[in-house]
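Peer 1: If you're matching them up, the sequences are chains A and B in order. Under the numbering used here, the first residue of the first sequence carries the number 1, and numbering increases by one thereafter. Under the numbering used here, the first residue of the second sequence carries the number 1, and numbering increases by one thereafter.
Check before you lean on any hint, since a few could be wrong.
[To be verified] Cut-off 27 angstroms, straight-line C-alpha distance, at most; resulting in silico cross-link-like pairs (DSS-like, lysine-lysine):
{"id": "1", "chain 1": "B", "residue 1": "K179", "chain 2": "B", "residue 2": "K43"}
{"id": "2", "chain 1": "A", "residue 1": "K42", "chain 2": "B", "residue 2": "K43"}
{"id": "3", "chain 1": "B", "residue 1": "K43", "chain 2": "A", "residue 2": "K92"}
{"id": "4", "chain 1": "B", "residue 1": "K34", "chain 2": "B", "residue 2": "K179"}
{"id": "5", "chain 1": "A", "residue 1": "K42", "chain 2": "B", "residue 2": "K34"}
{"id": "6", "chain 1": "A", "residue 1": "K48", "chain 2": "A", "residue 2": "K134"}
{"id": "7", "chain 1": "A", "residue 1": "K134", "chain 2": "B", "residue 2": "K142"}
{"id": "8", "chain 1": "B", "residue 1": "K43", "chain 2": "A", "residue 2": "K134"}
{"id": "9", "chain 1": "A", "residue 1": "K48", "chain 2": "B", "residue 2": "K179"}
{"id": "10", "chain 1": "A", "residue 1": "K134", "chain 2": "B", "residue 2": "K34"}
Worth flagging that the hints you see were computed from the coordinates, not collected in a lab. Note that the coordinates shown come from a computational prediction; the quantities given were computed from them, not determined experimentally.
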Amino acid sequence: MMISKHKTRQGISEIIAVSILLLISLVSSVIIFNFANTSFNKMTDDYKDQIDDAKTNIEGRILVSTIYRNITNNNLTIYIYNYGAIDIIVDKIYVDGKNLEYNPHELTIPSGEILNVELPPSAPDTGHLTIITKTNNRYEVYYET
Amino acid sequence: MKLKKRYAIGSQVSALFFVLIVILGFSTYLIFAKNNWDYQSSKYNIQQVEFEKGLENITIIGNPFNKTDQLDLQVMNIGNIDIQLSWIMISDPETNEQIIEYTKLDNLFLRPYQKTNIYNLETKFKGAYNETQSYQIQLITKRGTILEVRHPRPIPLPKIIMTQVIGPFFFDVNEESFKITTQDNSEPVTGYEMRDDVSELMFWIQVTNYGDESIELNGLSYIELIIHEVEGACSPYNSGCFESEVYFYLVDPASDGTDIIPYNKNDPIVLGPDESTTLKFAASQAYTSFYNPSNILQGYPPHDNDDGTENLLWSYIALFWKYTDSSRVFGKTIPFTAIHLKPY
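So that you can see chain A by itself, here it is in the shape it has in the complex:
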């Protein structure tokens, strides 16, 4: 009678199999959760930023109270009143669609304050003035000095 030399081989136990499956599941879960969490946070942050931008845009309110030609330096002086709820920063100033340098550059006007900027002597005596703030507020007026 031949006796087999092969040892009796046993399969991976059920416990190990379950453990492996559980490990795979947990790792997958962590990866998916991490991905979802990151995406969710990014999405909510983006949304919050957009809402904040929109809020800032509507809360920023400016108007030009006076424009005149400064007789000492011939600059065009523009007084801007910030009657909105937030501080604003002047970004760009256009006259008749032409972007003009102004001084002081990127002037911050606190809420409720009136400050002035000066345009160079080349700015015309009459024209269509557009002021754009850093928060994308836009103010337009036709002026005559």
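On the provided structure of chain A, position chain B as indicated by the hints.
Peer 2: Chain B alone, transformed into the frame defined by chain A:
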């Protein structure tokens, strides 16, 4: 053998995932809802400010420079909403030099129809006043309403014939500002010359409130024509001849060349500062819709100027009014213009 009840771990993981999904979904909703609420709230607040800004109305009462060497600035809220005055600036309108630079006004709240004096400027202004100079006063409210008033106000240059300022009234006497309608002509035509046989006569006179306060006109206001007798021995004008006076009372501004609408005491004409309107005078009695009789410009019988002689009529306007913040009635007689009467 006692068997323990065993739960599959998969069910617990699934339950955990489900709970996570619910929490995630709820958190997402809360975050979006909160941000959206904040945005809508800001939007509402700004819209409210803009709406209220449109309701603001302020005026400067009287002459702020009536005291020697001092500024006596009296401001009144003539709107229907509370106002906070925020800034004042006074400049020279010719040079734009700021005599008083932008100055913040703290805690200057005005309820509707409340007045206030801006006292703290007097010391700043002291010594700066020059009676030969004009001053541009600019007031700005917290909501961004700007009021600009120039003192003394520049008198507009004559256009065609002449201008006159009497009391708070400014008359620009030209072809367009003095017109008539009659039974034969319901479209207004210039009133300096007319036929003497007109009937259903209505005068259309432009007037501007040149003062600083709103004016409410009284229905007893009228235009009076002096019709001198020029018939027979009275032509040309002789002393001792008769003259008649004819009155045309103020009527409702909705009256036109065909109908008189009686002046309405309950809905009077109100003229704000610098506002213009066309006053219509036609009624033979105040607050009625009766025209004067036909051929009234020929004079009352027996002084009919019906023999074809031309005539000149003298006109006077009597205006009665009160300022909207006062019950006191004022009146003014205003010499107006001559009217050339042509015989038909």
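Peer 1: A separate judgement is required for each hint: does it hold in the structure or not?
Peer 2: Hints and how they fare:
At most 27 angstroms may separate the alpha-carbon atoms for a hinted pair to count; K179(B) and K43(B) exceed this at roughly 51 angstroms. Under the criterion of a C-alpha separation no larger than 27 angstroms, the hint pairing K42(A) with K43(B) is consistent with the structure, at around 25 angstroms. A distance of roughly 24 angstroms separates the Cα atoms of K43(B) and K92(A); the hinted pair therefore holds under the 27 angstroms criterion. Between K34(B) and K179(B) the CA atoms are separated by roughly 64 angstroms; this puts the pair beyond 27 angstroms, and the hint is violated.
About 17 angstroms separates the Cα atoms of K42(A) and K34(B), which keeps this hinted pair within 27 angstroms; it holds. Between K48(A) and K134(A) the alpha-carbon distance is near 18 angstroms, which keeps this suggested pair within the 27 angstroms criterion. The hinted pair formed by K134(A) and K142(B) meets the criterion: a straight-line CA distance of about 22 angstroms does not exceed 27 angstroms. At most 27 angstroms may separate the alpha-carbon atoms for a hinted pair to count; K43(B) and K134(A) meet this at roughly 19 angstroms.
Using a Cα cut-off of 27 angstroms, the hinted pair K48(A) and K179(B) is violated, with the two alpha carbons roughly 65 angstroms apart. With a CA separation close to 25 angstroms, the supplied pair K134(A) and K34(B) stays within the 27 angstroms bound.
Of the numbered hints stated above, those contradicted by the structure are hints 1, 4, 9, listed in ascending order.
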